[in-house]
Each structure stands twice: as structure tokens, then as C-alpha cells.
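Asks: Work out the full structure: start from the sequences and follow the hints.
Quick note, the sequences are listed as chains P and Y, same order. Using this note's numbering, read the first sequence as starting at 1036 and increasing by one per residue. Using this note's numbering, read the second sequence as starting at 31 and increasing by one per residue.
Check before you lean on any hint, since a few could be wrong.
The calculated DSSO-like cross-link candidates involving lysine-lysine, where the alpha carbons are at most 30 Å apart (straight line), are [unchecked claim]: (1) P/Lys1077 <-> Y/Lys71; (2) P/Lys1037 <-> Y/Lys71; (3) P/Lys1077 <-> Y/Lys94; (4) P/Lys1037 <-> Y/Lys72; (5) P/Lys1091 <-> P/Lys1102; (6) P/Lys1037 <-> Y/Lys96; (7) Y/Lys50 <-> P/Lys1077.
Chain Y is nowhere near these chain P residues, computed Cβ spacing over 10 Å in every case [stated by the list, open to error]: (8) Lys1037; (9) Asn1042; (10) Gly1044; (11) Ser1061; (12) Arg1063; (13) Ser1084; (14) Ser1087; (15) Gly1089; (16) Thr1097; (17) Leu1110; (18) Asp1118; (19) Gly1130.
Since the hints were made in silico from the structure, they are not lab data. Just so you know, even glycine gets a beta-carbon here, dropped at the ideal spot from N, CA and C.
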Amino acid sequence: QKEVEQNSGPLSVPEGAIASLNCTYSDRGSQSFFWYRQYSGKSPELIMSIYSNGDKEDGRFTAQLNKASQYVSLLIRDSQPSDSATYLCAVNPGGSYIPTFGRGTSLIVHP
Amino acid sequence: GAVVSQHPSRVICKSGTSVKIECRSLDFQATTMFWYRQFPKKSLMLMATSNEGSKATYEQGVEKDKFLINHASLTLSTLTVTSAHPEDSSFYICSARDLRHNEQFFGPGTRLTVL
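Replies: Shown next, in the form of C-alpha cells:
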């Protein structure tokens, strides 16, 4: 069974700090990786996608992928209270376009 | 990002009735759409994968005769909850796969309450 693991949290960081969210996956053949943000009572919203090893930056968000170690992370710089949400990691197992979602990490950014 | 709409956003119905939920990709063609269910404070649960012009593939434990899925066009998929019961009350979310970017975009969800 393909698995995607995330620490459920909550991860609490002060406003302005860097929030680091981590995700590990079991299928070594995975090629596509995604981070979604889900506010309470709302549907998930795609933040980042990453396909190659290394870093990918988009505004305050940086996704990091290390296929050898089978982990993908999301860094949020200058965290704001509005970033408080659950962050879902999704991985497409090798040969599949159906993503496997982690259970999500709850992030709380306090003023 | 691509836009996916879902209608209705909220529905309350009596036990035994059927409810249809529509999912549309507004600015791209989606050969594949997904239907999820999410209970409060729980993770997303994939119910079925819907491919345009073919039968949906249901996940283990999901009753295909209860949750009817139709994907008749490249921009529209529907989920019908037949003979709904209170235990079917949940947040139903669709998503559509954008082949141009190999990314999946979610609709805003439908909150179903069965009395």
C-alpha cells in the first residue's frame, strides 16, 4: 500500500517565523508531489507542485524534494495568522495519476 | 490555477431522498475527475475516480449503487447520493485533473445534511 505520512501537529509558530512542514512517502517510484492548504470547513487549495529534486520557490512558499530520502517539505517564510490551516501533502505513486494524500498537518500561526 | 465549480454548496434533505451534486471544470477540459468525502476533522477519503465516457472506478467499501457517478462530458461530472440516510451526511468534494499541468484542482465542496 502506498503511504504518505505527515505529522498531524498542531505545529505552532509565531508570526513572522518560518514554518516547516514535512512529508514522507513510501513509493520510491513517485514522480509528482503536491502541497495543498485546507482551511477549516473549506476544500483544499493547491499551493505548490514539485517534480524534480531540489527547491521550488513561489512567493513565501518553498517546496523541497529529496527523492533519495523520500521526503518532501514545505517552508512558509514570514508566517502570517492567515496561514493557519491544515496542509496536505499529496503524492502520485509511480505509474498512477491518482494522488495519495497524507492526513495533513495543522499549522497555527499566533500573533 | 484552474477553476472547478461545484453545485450546490449546501443541501439539506430528508432521509430516503436522492441528491445530485454537479462538478464542473470551468476553464479546462478534465478527462478525469475525483470524488472525495470528508467527515469533520478527518482526512480526505477518495470515493471514486471518474473518467469521461466510461464507468467510474470506486474505492473499496464505496457502494456504487448508492453513489452514482456520471461523467458525460469533459467538463462535467455528477454524483448522485441515492436514498440518502443520516450517516451519508458529510462534506463531498470533487476535483478535476488538469492534463496540461498534471495537477488536480478541487471544487469548493458540497455540505450534505440528511435529516
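Asks: Against which earlier hints does the structure fall short, listed by number upward?
Replies: 13
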